[in-house]
Amino acid sequence: MKHILKIMGLLAAISAIWIGLLETSVVPRSYTWLLPIYLIVTLGCYGLLMVGVGLMFFPTCPQEAVLLQQDIAEAREFLIGKAIDVGSD
Amino acid sequence: MAEERMEEEEEKEREKENAKYSILIPTYNERLNIALIVYLIFKHLRDVNFEIIIVDDGSPDGTQDVIRQLQQVYGEDRILLRARPRKLGLGTAYYHGLKHASGDFVIIMDADLSHHPKYLPSFIRKQKETGANIVTGTRYVKNGGVHGWNLMRKLTSRGANVLAQTLLWPGVSDLTGSFRLYERSVLEDVITSCVSKGYVFQMEMIVRATRKGYHVEEVPITFVDRVFGSSKLGGSEIVEYLKGLVYLLFTT
Numbered sequence: 001m002k003h004i005l006k007i008m009g010l011l012a013a014i015s016a017i018w019i020g021l022l023e024t025s026v027v028p029r030s031y032t033w034l035l036p037i038y039l040i041v042t043l044g045c046y047g048l049l050m051v052g053v054g055l056m057f058f059p060t061c062p063q064e065a066v067l068l069q070q071d072i073a074e075a076r077e078f079l080i081g082k083a084i085d086v087g088s089d
Numbered sequence: 001m002a003e004e005r006m007e008e009e010e011e012k013e014r015e016k017e018n019a020k021y022s023i024l025i026p027t028y029n030e031r032l033n034i035a036l037i038v039y040l041i042f043k044h045l046r047d048v049n050f051e052i053i054i055v056d057d058g059s060p061d062g063t064q065d066v067i068r069q070l071q072q073v074y075g076e077d078r079i080l081l082r083a084r085p086r087k088l089g090l091g092t093a094y095y096h097g098l099k100h101a102s103g104d105f106v107i108i109m110d111a112d113l114s115h116h117p118k119y120l121p122s123f124i125r126k127q128k129e130t131g132a133n134i135v136t137g138t139r140y141v142k143n144g145g146v147h148g149w150n151l152m153r154k155l156t157s158r159g160a161n162v163l164a165q166t167l168l169w170p171g172v173s174d175l176t177g178s179f180r181l182y183e184r185s186v187l188e189d190v191i192t193s194c195v196s197k198g199y200v201f202q203m204e205m206i207v208r209a210t211r212k213g214y215h216v217e218e219v220p221i222t223f224v225d226r227v228f229g230s231s232k233l234g235g236s237e238i239v240e241y242l243k244g245l246v247y248l249l250f251t252t
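Same order as they appear, the protein sequences are chains C and A.
For the first sequence, the UniProt record's numbering gives the first residue as 1, with consecutive numbering after it.
For the second sequence, the UniProt record's numbering gives the first residue as 1, with consecutive numbering after it.
Check the hints yourself; a few may be wrong.
What the hints assert, rightly or not - Coverage of chain C stretches by chain A, computed from C-beta distances (three or more under 8 angstroms per stretch; other residues unrestricted):
no., stretch
1, 22 to 29
2, 59 to 68
3, 77 to 83
Just so you know, these hints were derived from the structure itself, not from any lab.
Built from N, CA and C at the ideal position, the CB exists for glycine as well.
Kindly produce the complete structure, drawing on both the sequences and the hints.
Take a look at the structure:
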C-alpha cells in the first residue's frame with residue numbers, strides 16, 4: 001500500500017472520531033469544534049520539540065577529527081614509502 | 001531428512017564465514033583521499049575476503065593514476081578500477097560498480113574520508129549477528145556523531161530528519177547517510193527502482209528497501225566533515241529534499 005494512503009487512512013479515522021464526537025455531543029460542542037486546531041498545534045509543537053531536542057543532544061565527535069588526522073599521517077607515511085604520489089592535496 | 005537439513009545449514013554457515021565483500025567507492029577528484037582510504041581499508045579488514053571497486057568519473061586530477069599505483073601495491077584483483085568517461089551522477093555510479101562486483105555483499109562508502117574504514121568490521125559483524133539484508137550507518141545515535149557542522153547545518157539536518165520520520169515512518173534513524181552494507185541481490189533489486197538524485201537517492205534506497213520488507217539494521221558511525229563548506233545546504237537542496245519527500249509519500 002502506498003504510504004500516502006496509510007496517512008490518509010489515519011486522517012480519515014481521526015476525522016471519523018471527531019465527527020462522532022460532534023454528533024453524540026459527549027463533550028460540549030464548542031470544545032469539539034476546537035479539537036482539530038488543538039491537534040494541529042500539538043503536531044507543530046511535537047515537530048519543534050523534536051528538532052529542539054535533536055539539536056540539544058546532537059551527537060558530535062571532535063576527538064574523531066583528531067584521530068582521523070593521525071590516521072591520515074600514518075597512511076601518508078606508508079604510501080610515500082611505496083612511492084605513491086600523495087604529495088599535494 | 002533432518003540431517004540433510006543440518007548439513008545445509010552448516011553449508012550456509014560456512015558460506016557466511018567466507019563471505020566476500022565488494023566495497024564500492026565512487027570518486028571524482030579524490031587522488032589523495034582514495035590512496036588514504038585504500039590504505040585504511042586494508043588496515044582495518046585484515047582477515048576479510050574483499051575487493052575494492054572504484055568508479056571514477058573521469059577525474060582530471062590524476063585520481064586514476066594513483067589508483068593504478070595502488071593496484072601495483074595491493075594487487076589488481078583487490079582494487080578494481082571501473083572508470084567512466086565523465087561525471088554521470090552517483091546513482092548510476094553505484095549501478096555501474098555493482099555490475100562488476102563479485103562479492104556476496106556490497107558496501108557503499110564515500111571517498112572523502114567522512115566515512116572512516118574503521119567502522120567496516122562493525123558493519124560486517126552486525127550483518128553476521130542479525131542476518132540483516134542491509135546494515136546502514138547512523139550518525140544520530142549514541143557512539144555516533146558528526147564533526148564539522150555549524151548550527152545552521154545541524155538545524156536543517158534535524159528538521160529534515162523529523163519531517164521524514166513523521167511523514168514516512170521509515171524505521172531507520174539516519175535516512176540520508178550513505179555508508180551502508182547491502183546484500184548484493186538486495187542492492188540489485190532496490191537500485192533498479194530508485195530514480196532520485198543526491199541526498200534523496202540515499203533516502204529513496206532505504207525507504208524502498210524497508211517497504212519491500214527487507215531486514216535493515218543500524219550501526220553507529222561518526223562523520224567528520226573535513227571540507228568545510230562542501231556540505232552547506234542551499235535553498236535549492238532543501239526544495240529538492242521536500243520534493244523527494246512528497247515523491248516518496250506517493251510512490252512508496
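Status of the hints after comparison with the structure:
1. For a cut-off of 8 angstroms, the count of residues in the stretch 22 to 29 of chain C with a CB near a CB of chain A stands at 0, and the three-residue condition is violated.
2. Counting residues of the stretch 59 to 68 of chain C whose beta carbon lies closer than 8 angstroms to any beta carbon of chain A gives 7, which meets the minimum of three for the stated coverage.
3. Counting residues of the stretch 77 to 83 of chain C whose C-beta sits closer than 8 angstroms to any C-beta of chain A gives 4, which meets the bar of three, so the coverage hint holds.
Of the hints listed earlier, the one the structure fails to meet is number 1.
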